[in-house]
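Next come the chains, spelled out residue by residue.
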Amino acid sequence: QKEVEQDPGPLSVPEGAIVSLNCTYSNSAFQYFMWYRQYSRKGPELLMYTYSSGNKEDGRFTAQVDKSSKYISLFIRDSQPSDSATYLCAMRGSTLGRLYFGRGTQLTVWP
Amino acid sequence: DTEVTQTPKHLVMGMTNKKSLKCEQHMGHRAMYWYKQKAKKPPELMFVYSYEKLSINESVPSRFSPECPNSSLLNLHLHALQPEDSALYLCASSQDWGQGIDTIYFGEGSWLTVV
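Protein chains in written order, with this note's numbering: chain C, 1 to 111; chain X, 1001 to 1115.
Hints in this document: simulated from the structure, not taken from any laboratory.
A virtual CB, placed ideally from N, CA and C, is assigned to each residue, including glycine.
There may be inaccurate statements among the hints.
[To be verified] Result set (BS3-like, lysine-lysine): computed pairs, CA atoms no more than 25 Å apart in a straight line: (1) X:Lys1038 <-> C:Lys42; (2) X:Lys1041 <-> C:Lys2; (3) C:Lys2 <-> X:Lys1019; (4) X:Lys1041 <-> X:Lys1009; (5) X:Lys1040 <-> C:Lys42; (6) X:Lys1019 <-> C:Lys42; (7) X:Lys1022 <-> C:Lys70; (8) X:Lys1040 <-> C:Lys2; (9) C:Lys2 <-> X:Lys1038.
[Claimed, not checked] Per the computed footprint, the stretches of chain X lying under chain C, defined by three or more beta-carbons under 8 Å from a beta-carbon of chain C, are: (10) 1015-1023; (11) 1039-1052.
[Said to hold, decoys possible] Chain C residues, not near chain X, derived (Cβ > 12 Å throughout): (12) Gln6; (13) Val19; (14) Ser20; (15) Asn22.
Only chain C is shown next, with the shape it has when bound in the complex (with noise of 0.2 Å):
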């Protein structure tokens, strides 16, 4: 079993619609969680990170983390044909200094 478990995708919505992306994991030294955002050949950009369990909201973009079930969630709202990208999670312990990446999430947003 992988560390982390990311649907690849791909996903398609229409402009407007509200995106959910998934990531579960195994590891419960996992304390510290970030989502990236990745468009076609180019590098991975920060979007969000959390450490506790809960919500954390930055615009248009929520993300969520459930440490019991070991599973979090970046929502998107208002989606719009530029959050068009792959989407990583990514984790890692409080000692464990390496991340550990999702396989990432194709996202298409269609006008």
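Given the coordinates of chain C, assemble chain X onto it according to the supplied hints.
Using the frame of chain C, we list chain X on its own:
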């Protein structure tokens, strides 16, 4: 805009060539990383430098040779590569290596094609 700058953006090299990838950050970060990313795959960690010392080498073949001349610069020297080494090479940095809610910032990457 990313504050991790990588050059060149694209590189084509033959299997007998020697080339280098360069990375620079001016955020005062003390940890720097090289990742390799193949198409439709997540980034894979290659090397970690912490305070200019090599901390992690993920069993990377010796044809890849990292160098950290100072806290702002990171190089990846390439020699006798194979076509399967063609990938996006990402440099990244963070405040420190694996401390607290330290976040990792990536550069735009260098696209390498080995012919």
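Outcome of the hint check:
1. X:Lys1038 <-> C:Lys42: Holds. Lys1038 of chain X to Lys42 of chain C sits at ~12 Å (cutoff 25 Å).
2. X:Lys1041 <-> C:Lys2: Holds - the C-alpha atoms of Lys2 of chain C and Lys1041 of chain X are around 14 Å apart, at most 25 Å.
3. C:Lys2 <-> X:Lys1019: 35 Å, violated
4. X:Lys1041 <-> X:Lys1009: Holds, at about 19 Å.
5. X:Lys1040 <-> C:Lys42: 12 Å, holds
6. X:Lys1019 <-> C:Lys42: Between Lys1019 of chain X and Lys42 of chain C the Cα gap is close to 21 Å, so the pair holds against 25 Å.
7. X:Lys1022 <-> C:Lys70: 38 Å, violated
8. X:Lys1040 <-> C:Lys2: 17 Å, holds
9. C:Lys2 <-> X:Lys1038: Roughly 18 Å separates the two Cα atoms, so the pair holds.
10. 1015-1023: Result for this restraint: violated, n = 0.
11. 1039-1052: This one holds; 6 residues, not fewer than the three required, reach chain C with a Cβ under 8 Å.
12. Gln6: Label violated. Min Cβ-Cβ 9 Å, cutoff 12 Å.
13. Val19: 19 Å, holds
14. Ser20: Per Cβ check, Ser20 of chain C is outside 12 Å of chain X; nearest 20 Å; holds.
15. Asn22: 15 Å, holds
Of the numbered hints given earlier, the model fails hints 3, 7, 10, 12; all others are met.
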